[in-house]
Amino acid sequence: MPKVKSLPRGVAMVGAGMSKFGAFAEKNSRDLFVESYKAMTKSVDKGFDPSRIDAMYIGNFSSDQFEHQAHLAPILADSVGLLPIPATRVEDACASGGVALRQGVMAIASGMADVVLVGGAEKMTALNTAAVTEALATAADVPFEIPAGFTFPGFYAAMASAYMAQYGMKSEHLMNVAIKNHDNAALNPNAQFGVTIQTWMEGRVAAALKKGKPAPTWSTIWDFLHDEGGNPTIAYPLRLFDCSPVSDGAAAVLLVAEEIAHEFTDHPIHIIGSAQSSGSALHDRPSLTSIPAAKTAAANAYEMAGVTAKDIRIAEVHDCFTIAEVIASEDLGFFAPGEGFKAAEDGMTARNGAKPINTSGGLKAKGHPVGASGVAQAVEVWKQMQGQAEARQVDGDVNLALTHNVGATGSTCTVHVFERRN
Amino acid sequence: MAEVITIRPFTAAAFNQYLAEHKLMTVKCTKCGGVYAPPRAICPKCHSEEMEWVEASGKGKLAGFTVIYSGPTFMVEQGFDKKNPYVSGIVELEEGTFISARITGLDISKPVEVKVGTPLMVDFVEFGEGEAKKTYLAFKA
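Those sequence lines, one after another, are chains S and F.
Once you know that position 409 of the first sequence is 409 in my numbering, the rest is easy, because the numbers rise by one and skip nothing.
Counting from 1 along the second sequence, just add 422 to a position and that's the residue number in my numbering.
The reader is advised that the hints may include incorrect statements.
Using 25 Å as the maximum straight-line C-alpha spacing, the simulated DMTMM-like pairs for lysine to aspartate or glutamate come out as follows [to be verified]:
no., chain 1, residue 1, chain 2, residue 2
1, F, Lys483, S, Asp284
2, F, Lys555, S, Glu228
3, F, Lys562, S, Asp284
4, F, Lys504, S, Glu134
5, F, Lys504, S, Glu390
6, F, Lys562, S, Asp141
Computed spacing ranges between beta-carbons, pair by pair [unchecked claim]:
no., chain 1, residue 1, chain 2, residue 2, range
7, F, His469, S, Gln166, 23 to 33 Å
8, F, Gln439, S, Ala354, 49 to 59 Å
9, F, Glu535, S, Gly338, 19 to 29 Å
10, S, Gly229, F, Lys556, 49 to 59 Å
11, S, Gly333, F, Val476, 37 to 47 Å
12, F, Gly480, S, Asp395, 37 to 47 Å
13, S, Glu26, F, Val476, 56 to 66 Å
14, S, Arg9, F, Lys505, 21 to 31 Å
15, S, Pro50, F, Ile429, 51 to 61 Å
16, S, Gln388, F, Gly455, 49 to 59 Å
17, S, Arg204, F, His444, 41 to 51 Å
So the derived list for chain S, only partly shown, Cβ under 10 Å to chain F, looks like this [to be verified]:
no., residue
18, Phe144
19, Gln166
20, Lys170
Treat the hints as calculated values from the structure; they're not laboratory data.
Nothing here was measured: the structure is a model prediction, and the numbers come from that model.
Glycine included, C-beta positions come from ideal geometry on N, C-alpha and C.
With the rest of the complex left out, here is chain S (with noise of 0.2 Å):
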């Protein structure tokens, strides 16, 4: 493993801001980026003069195929008036957001910049489902692993398999991830699935009885979850809400040099550890249940931070599938091996839990325009360091916060650690 190097020098966020996430049949990626910034310029307390910018990288994964449009850095830059500065777009498939975020971090602890904006956007919705399934499939190890038929839900499925062969968990236990995502979505106003599944649910038995169809005999929300009418399997042991949506949307967060972060506020995020890590293909892997990309990303940054998981506060965490949230939290040593989905089902990951994570609602309620949700995730945890998380503030001090993004199945993992000093 190559040796953990510090930064050479600070850097500090200092504003963070998203659009909202949904499907959006009139606005395109550019649309979606500018509403991001504009909530970016919003958030830095002082202000600042956009001529400062001295570069910007875009996580964006695939425009090509979503869009129609390749290039697309460029476009972005001159769609916020920050033409002529270098403006590079940056794919490693979902975790393109993260890896941008870390170029930012690179840019400015090189020394090359003092200001650099990072955003992610990404315009999935234009498509049909089945389209958009097979443009995430190009993630994949194409030639090998596409003609057994797996799509992502069943790449994430396959895992979901060994874990509960490994560790006896049930399909059922994936559902308490569901809930509770759908819990902290149903408080963020940017969130594309901002209902709770009860709501949800509620509103599938008023549409029958609006149309004058029987309506569904579900009492409970295990009920719903349980019904194929309510929540179908997509690719066993997953169902529909164990996934993540197809959504629209984009995120954009300012990064500056340490030294002048007074310049923009009084209270800067500390971006103190900033790891990646690349993975084989799933069936290349000595175990199906753990992502080795993500354990390495993980120790490297937590070295780079000079923390351990114990001391984080909260997490934002890759939650594509709900199997993704419980093994990324034994990954990154919040629980032990086979010991995540019970810590899930005992409401430690909640809000108001000893580990919050996706406190934003994750990928699965927040929505996943898959180049946009590694800064999106850097975002929630700017809310919830500045005390500006609204009605899903956590209690307390959350002085140190993580992202954890990955690509694919976990062919690429970035991790960043977040700390608030005042």
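Given chain S's structure and the hints, the job is docking chain F onto it.
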């Protein structure tokens, strides 16, 4: 005299050509003995470039699986849908390496009863006619 090429390159095309001949081939590092499937031109353990093709025994066991009700277009064209789902899996080969494959011969009316660890034997599924014929790696329970 033209050189006789006896070793196929360590590529996806060569792997697929072997599949069409109903052979599941692994690649073995002649330096450290590492065995890989899919093929690799460079050994990830010892970085040697001295690799050779070795046919797998074809025996394996199920390491993880899924029953897919909504598959990609090429699987739909092969007759799979919500009412006729299929199984994709990760197979641990007897040689100790893993590979992705279609899994056949399992009773999937109750997927909860399918056991990880089920012994499997290699199989080859063909689809299409003439030039369009393609061979897919499968394992049979």
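Index of numbered hints that the structure contradicts, given in increasing order: 2, 5, 10, 12, 14
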